[in-house]
Structures are given as structure tokens and as C-alpha cells.
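Q: So the sequence lines, in the order shown, correspond to chains A and B. The numbers in the working numbering rise by one with no breaks, and the one at position 119 of the first sequence is 119. The numbers in the working numbering rise by one with no breaks, and the one at position 153 of the second sequence is 153.
It should be emphasised that the hints constitute simulated quantities derived from the structure, not laboratory data. Hints should not be assumed to be uniformly reliable.
Said to hold, decoys possible - Going by beta-carbon spacing under 10 Å, a handful of chain B positions derived as facing chain A:
id	residue
1	L102
2	L110
3	T118
4	R122
5	K281
To be verified - Sample of chain A residues lacking proximity to chain B, with all beta carbon distances greater than 12 Å (derived):
id	residue
6	E30
7	T95
8	H120
9	P141
10	V144
11	H212
12	Q247
13	Y285
Stated by the list, open to error - Under 10 Å between C-beta atoms, here's a sample of chain A residues computed to sit facing chain B:
id	residue
14	L102
15	F279
16	K281
Glycine included, each C-beta is placed from N, C-alpha and C at the ideal position.
Protein chains: 2
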Amino acid sequence: GPCRGGMGCGPARYLVFFQYFGTRYSGVMETKSDQALIGVQNYLEKAAEKLGASVPVRFHISSRTDSGVHALCNSAHLDIQRAPGKPHFTGQQLTHSLNCHLRPEPISILSAHRVASTFHARLQALSRTYIYRLLVGCAHPSQVPVFERDLCWAPAGGPLNIPAMQEAAQFLLGTHNFSTFRSLSNEKPLRSPVRTIFQVEIQPSPGFLSHHYEHRGLEFWEVKFRGKSFLYRQVRRMVGALVAVGQGKLAPHHIKELLEIKDALAFPPNTMAPPSGLFLKSVEY
Amino acid sequence: GPCRGGMGCGPARYLVFFQYFGTRYSGVMETKSDQALIGVQNYLEKAAEKLGASVPVRFHISSRTDSGVHALCNSAHLDIQRAPGKPHFTGQQLTHSLNCHLRPEPISILSAHRVASTFHARLQALSRTYIYRLLVGCAHPSQVPVFERDLCWAPAGGPLNIPAMQEAAQFLLGTHNFSTFRSLSNEKPLRSPVRTIFQVEIQPSPGFLSHHYEHRGLEFWEVKFRGKSFLYRQVRRMVGALVAVGQGKLAPHHIKELLEIKDALAFPPNTMAPPSGLFLKSVEY
Numbered sequence: 001g002p003c004r005g006g007m008g009c010g011p012a013r014y015l016v017f018f019q020y021f022g023t024r025y026s027g028v029m030e031t032k033s034d035q036a037l038i039g040v041q042n043y044l045e046k047a048a049e050k051l052g053a054s055v056p057v058r059f060h061i062s063s064r065t066d067s068g069v070h071a072l073c074n075s076a077h078l079d080i081q082r083a084p085g086k087p088h089f090t091g092q093q094l095t096h097s098l099n100c101h102l103r104p105e106p107i108s109i110l111s112a113h114r115v116a117s118t119f120h121a122r123l124q125a126l127s128r129t130y131i132y133r134l135l136v137g138c139a140h141p142s143q144v145p146v147f148e149r150d151l152c153w154a155p156a157g158g159p160l161n162i163p164a165m166q167e168a169a170q171f172l173l174g175t176h177n178f179s180t181f182r183s184l185s186n187e188k189p190l191r192s193p194v195r196t197i198f199q200v201e202i203q204p205s206p207g208f209l210s211h212h213y214e215h216r217g218l219e220f221w222e223v224k225f226r227g228k229s230f231l232y233r234q235v236r237r238m239v240g241a242l243v244a245v246g247q248g249k250l251a252p253h254h255i256k257e258l259l260e261i262k263d264a265l266a267f268p269p270n271t272m273a274p275p276s277g278l279f280l281k282s283v284e285y
Numbered sequence: 001g002p003c004r005g006g007m008g009c010g011p012a013r014y015l016v017f018f019q020y021f022g023t024r025y026s027g028v029m030e031t032k033s034d035q036a037l038i039g040v041q042n043y044l045e046k047a048a049e050k051l052g053a054s055v056p057v058r059f060h061i062s063s064r065t066d067s068g069v070h071a072l073c074n075s076a077h078l079d080i081q082r083a084p085g086k087p088h089f090t091g092q093q094l095t096h097s098l099n100c101h102l103r104p105e106p107i108s109i110l111s112a113h114r115v116a117s118t119f120h121a122r123l124q125a126l127s128r129t130y131i132y133r134l135l136v137g138c139a140h141p142s143q144v145p146v147f148e149r150d151l152c153w154a155p156a157g158g159p160l161n162i163p164a165m166q167e168a169a170q171f172l173l174g175t176h177n178f179s180t181f182r183s184l185s186n187e188k189p190l191r192s193p194v195r196t197i198f199q200v201e202i203q204p205s206p207g208f209l210s211h212h213y214e215h216r217g218l219e220f221w222e223v224k225f226r227g228k229s230f231l232y233r234q235v236r237r238m239v240g241a242l243v244a245v246g247q248g249k250l251a252p253h254h255i256k257e258l259l260e261i262k263d264a265l266a267f268p269p270n271t272m273a274p275p276s277g278l279f280l281k282s283v284e285y
């Protein structure tokens with residue numbers, strides 16, 4: 001074989017962290033490329049094609065996100081097999097090259113790290129942290145600042161009772177059967193509905209340049225969830241239910257009852273939060 | 001004439017405040033609509049056409065902004081002559097209708113106020129406040145977070161000496177001949193180059209969700225200018241010169257010398273700040 005001169009001849013595995021503005025994509029996962037919206041993974045792999053690797057590069061994404069959902073930081077692993085005699089990319093070279101080829105898409109590689117060939121981005125993640133941005137104080141969707149469009153949810157119907165939401169959120173902490181908070185999907189075999197949430201927080205958050213328009217009475221809040229992993233649409237359903245509590249449509253103890261029912265069909269209709277406010281903040285290893 | 005029943009029969013004048021994401025427009029002012037990028041004013045007047053007024057509605061914009069420049073809040077006055085017998089719009093009705101017709105453009109009416117028929121949005125403005133957003137800590141433009149693209153400037157070349165910039169900014173305060181800081185334009189007759197700056201401030205600023213990625217070493221700064229009015233591209237030239245001070249290419253006292261030269265051609269080449277970081281924050285009456 002052509003392995004010589006101290007050059008590694010097997011593929012090199014990398015862990016990459018990347019971010020994206022999700023509005024333009026069908027989600028993070030690859031889709032058939034003949035669709036109107038395609039996946040972030042399609043763009044990542046198209047950029048990787050231009051690295052000139054000997055074998056097509058596949059991204060193994062750690063954390064699925066839906067159409068319209070954003071990532072401050074998602075992660076994936078990938079293997080790169082270069083032509084014989086060519087040295088492996090450094091993390092910095094790989095970051096820079098992929099970013100050049102990703103332009104002008106709003107997808108960006110944050111960093112790339114050489115890892116062992118046994119490393120698996122999805123299976124080895126210890127936890128995922130999501131934040132959901134709520135905008136309070138809009139009487140109508142047209143009052144969402146133009147700089148915040150597609151980046152938050154402004155639920156209709158006046159102020160939110162934040163202390164009630166905070167009380168309700170405590171019921172979600174810990175290990176539970178989250179069947180009521182999972183959307184049914186026929187794309188995937190049903191996995192266990194038991195999940196563990198390590199952290200839930202509801203805190204005020206700055207909006208984009210909102211210190212310049214405080215007088216408009218708009219308030220941003222962030223709901224943060226950290227857990228090992230989440231079920232399909234679990235975060236958006238949990239946020240939607242908490243907002244229903246904030247609006248007085250549900251009482252805090254109803255969250256506990258919804259958990260105990262363990263039935264996706266018992267989830268109150270039209271209560272799921274839209275994708276625009278959801279951000280995958282980080283994947284922890 | 002058809003003036004009866006307590007209905008005002010003359011036109012009603014309104015002062016409107018509006019915001020826009022400037023990247024998609026040729027600037028705020030109206031342009032011929034056959035160009036690739038057209039002006040924010042074109043969209044405002046197209047939305048106003050759908051109000052069914054008897055006379056075409058013209059927006060008299062208070063503050064010009066260039067292509068790529070944003071507004072948290074700009075202002076304009078306009079007259080609306082309704083059909084005989086129809087009552088004047090309230091400010092709220094006008095805001096709501098225009099916003100419906102502006103969708104999906106990233107332009108939004110913030111409020112509308114009935115004013116005297118002698119009111120003039122440009123001539124009666126007491127001052128304008130601009131902010132310019134700088135991103136420090138990017139080794140390469142691809143390190144600008146995807147959520148901040150087109151919304152800041154990340155000058156190349158390492159950290160900025162902020163105290164030196166703050167020292168230099170003090171020379172711009174007060175009344176000066178700003179000829180060196182004006183871009184030449186053959187579109188307008190030359191007006192007096194004397195302008196008064198009431199306030200200059202350079203302060204740290206939050207980035208969009210940047211509290212979630214503090215470890216990346218990115219820092220946002222805002223340069224704020226308040227003045228009665230500004231010359232063509234004056235703010236971008238002042239910011240560019242201050243950044244050159246921050247990079248050590250100019251000393252703070254060079255700002256004073258540039259002012260004293262009173263010659264647009266003496267401005268250091270390739271120093272003007274790009275439009276992406278500039279926001280008209282407010283117009284004061």
C-alpha cells in the first residue's frame with residue numbers, strides 16, 4: 001500500500017462544532033436534494049466534497065433539529081481519508097476550508113478537533129442544552145422587531161405569569177416517562193419515552209439591541225433545558241405547555257398530570273411552541 | 001364640496017416611526033423600481049397604495065440611510081386624503097394596515113401619530129442618534145456568528161485599543177467643519193460641512209445571544225453618535241477613523257488633525273467602516 005513517510009494512511013476522525021440559522025433549512029438532517037428546503041447536513045457534505053478526500057465524507061450529526069430550529073452549537077463526527085502521501089488536516093485547516101465552501105449559507109463551522117477513530121458524536125454526548133426564546137408584550141405578531149423575526153416566539157394574549165411557569169417547570173425536572181410530551185412520528189421506531197432533565201430555568205434575556213428600545217415594553221425570556229437527550233419535539237411541547245400555564249390556560253399542577261397520563265394524544269391541541277424560538281445551545285461531552 | 005357630518009375633508013398628516021433590516025435595500029430613499037435593489041421608501045409607498053386613499057401617498061423621510069444600513073427607528077411624515085365621508089385613520093389603524101401590506105418585507109411601522117399639517121419630519125427633527133456595532137476577536141470573517149451576519153463589522157487585525165478610541169472620539173464632540181469626514185457625492189448640491197455632535201460614546205454591548213458563547217472570546221462594542229444631522233457617510237468615516245486609532249494605524253491626535261485639514265481627499269484610503277454595522281437608533285423631536 002501507499003502508506004509511507006510518517007503520513008497516517010487511514011482516515012482521520014474529527015469532531016466538529018457548527019452553528020446555523022435554521023429558517024432556511026428542512027432541519028439539520030440530510031434530505032433528498034430535490035426538495036424545496038434541504039437539510040443543513042446536505043450543505044455540510046457538499047462543502048466537504050470540495051476537500052478532495054478519496055472517500056465521500058459523511059457527517060454523523062449528534063443532535064437532530066427540526067425545520068426552523070436554530071443551533072448556536074450542534075456537533076458531528078466525520079472521517080476524512082486523504083489521497084496517499086497527503087497529511088491529515090489540522091482542526092484549524094478543516095474549519096477554515098469548510099467555512100470557505102459553506103459561504104454564503106448561514107451555516108458556520110465553529111471548531112474541529114481530531115478524535116479517536118472510535119469516537120461517536122451522538123452516542124458519546126453527555127447532554128444537550130436547548131434554549132427557547134419568548135417575546136412578551138406584543139399585541140400582534142407585526143410588533144416583533146424585524147431583527148428578531150424567526151428568532152423568537154411572541155405568544156398572543158398579553159403578559160405571561162412567569163412565577164407560575166417557573167413553578168410548573170419544576171415538575172419536568174428529573175427522570176420521567178415523557179410520552180405526553182413527545183410528538184408521534186412514523187419515521188423512527190419508537191424508542192423508550194423515559195428521559196432525564198438535569199436543569200430547567202426561566203430567565204429574562206436580552207433581545208437583539210433591545211437596550212435601545214426599552215420604552216416599547218417588550219420583554220425577552222429564555223427557557224433553558226439541559227438533558228441527556230430529548231424525544232421528538234419534546235422541548236417545543238414542554239415550552240408550549242409552560243406558556244399555557246403562563247397564560248392561565250393550565251395550572252402548574254396540570255404539568256404533573258400531563259406527565260402522569262403518558263399519552264401523546266392527551267397533550268392540549270395547538271399548544272406546541274413554534275420552531276422559530278428554539279435554539280440548540282450546546283452539546284456537552 | 002363633500003365635506004359634511006364632522007368628517008375632516010382635508011388630508012390628515014401623520015408622523016410615523018418605522019424600522020428595517022437594511023441589507024436587502026438600496027437605502028431608505030425611493031429609487032426607480034427597475035433596479036435590482038430598491039429603497040425602503042418604495043415598499044412603504046407600495047403598502048400605502050393599498051390604503052385606498054384618494055391621492056397617492058408620499059413618505060417624506062426624515063433621515064437618509066445608505067444601502068445595507070439598518071434602522072431601529074427612522075421617521076417620516078405623510079398625508080392621507082381619504083374618500084369623502086370616510087373618517088381619518090387613527091394612528092393605530094394606520095400602523096396596523098401598513099404593517100399588513102408590508103409583509104413579508106423586514107420593514108415594520110412602529111407607531112403613527114396625527115400631527116399638524118405644517119409638521120415636517122426632516123426639518124423639525126432636533127437630533128439623530130446612530131449606533132455602530134463592532135465585533136472584536138474574530139481572526140477571520142467566517143468567525144462572525146451566523147446570527148450577526150450583516151449586523152456588525154469585525155475589523156481584521158486583532159484587538160482594538162478601546163481607551164485610545166475613546167480619547168480620539170472626544171475630538172469629534174462639538175461643532176466642527178467635518179469636510180474630511182464627508183464622502184463626496186455628486187447627487188446633492190454641497191451643503192455646509194459644519195455639523196454639531198452632542199454625544200459620542202464607546203461602550204461594550206451584548207451580541208445576539210452572546211451570553212451563551214462567552215468562551216469564544218468575541219466582544220461586541222457600540223459606538224454611539226448623537227447630533228443634529230450628519231453629512232453623507234460621516235458616521236461611517238468617523239467610525240472607520242476611530243477603528244484605525246484602535247488598531248494603532250492612527251494616533252488619537254490624528255483625528256483632530258484630520259478635522260483641521262478640512263479636505264475629504266485627506267481621509268485615509270480604505271478606512272471607511274462598512275454599512276453592515278450601522279443602525280439609525282432614533283430621531284428625536
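Q: With reference to the structure, classify each hint as holding or not holding.
A: Going through the hints against the structure:
The criterion of a C-beta within 10 Å of any C-beta in chain A is met by L102 (chain B), whose closest approach is roughly 8 Å, and the hint holds. About 7 Å separates the beta-carbon of L110 (chain B) from the nearest beta-carbon of chain A, less than 10 Å, and the hint is met. For T118 (chain B), the interface hint is violated, since its Cβ never comes within 10 Å of a Cβ in chain A; the closest pair sits about 27 Å apart. Taking 10 Å as the C-beta contact cut-off toward chain A, the hint placing R122 (chain B) at the interface is violated, the least distance being around 22 Å.
A hinted interface residue such as K281 (chain B) counts as satisfied when its beta carbon comes closer than 10 Å to some beta carbon of chain A; here the least separation is about 5 Å, so the hint holds. The claim that E30 (chain A) lies off the interface holds: its Cβ sits roughly 19 Å from the closest Cβ of chain B, which is beyond the 12 Å cut-off. The beta carbon of T95 (chain A) sits about 8 Å from the closest Cβ of chain B, which is not more than 12 Å, so the claim that it is off the interface is violated. No beta-carbon of chain B comes within 12 Å of the beta-carbon of H120 (chain A); the shortest separation is about 24 Å.
Not every beta carbon of chain B lies more than 12 Å from that of P141 (chain A), the smallest distance being close to 9 Å; the non-interface claim is violated. For V144 (chain A), the non-interface assignment is contradicted: its Cβ lies about 8 Å from the closest Cβ of chain B, within the 12 Å cut-off. Look at H212 (chain A): its CB is around 5 Å from the nearest CB on chain B, not clear of 12 Å, so calling it non-interface is violated. Every CB of chain B is more than 12 Å from the CB of Q247 (chain A) (nearest about 23 Å), matching its label as outside the interface.
Every Cβ of chain B is farther than 12 Å from the Cβ of Y285 (chain A); the closest lies at roughly 14 Å, confirming the non-interface assignment. Hint status for L102 (chain A) relative to chain B: holds, with the closest Cβ pair at about 8 Å, below 10 Å. The beta carbon of F279 (chain A) is positioned within 10 Å of a beta carbon in chain B (closest approach about 7 Å), and the interface hint is therefore held. Residue-level restraint check for K281 (chain A) holds (minimum Cβ-Cβ distance to chain B is 5 Å; threshold 10 Å).
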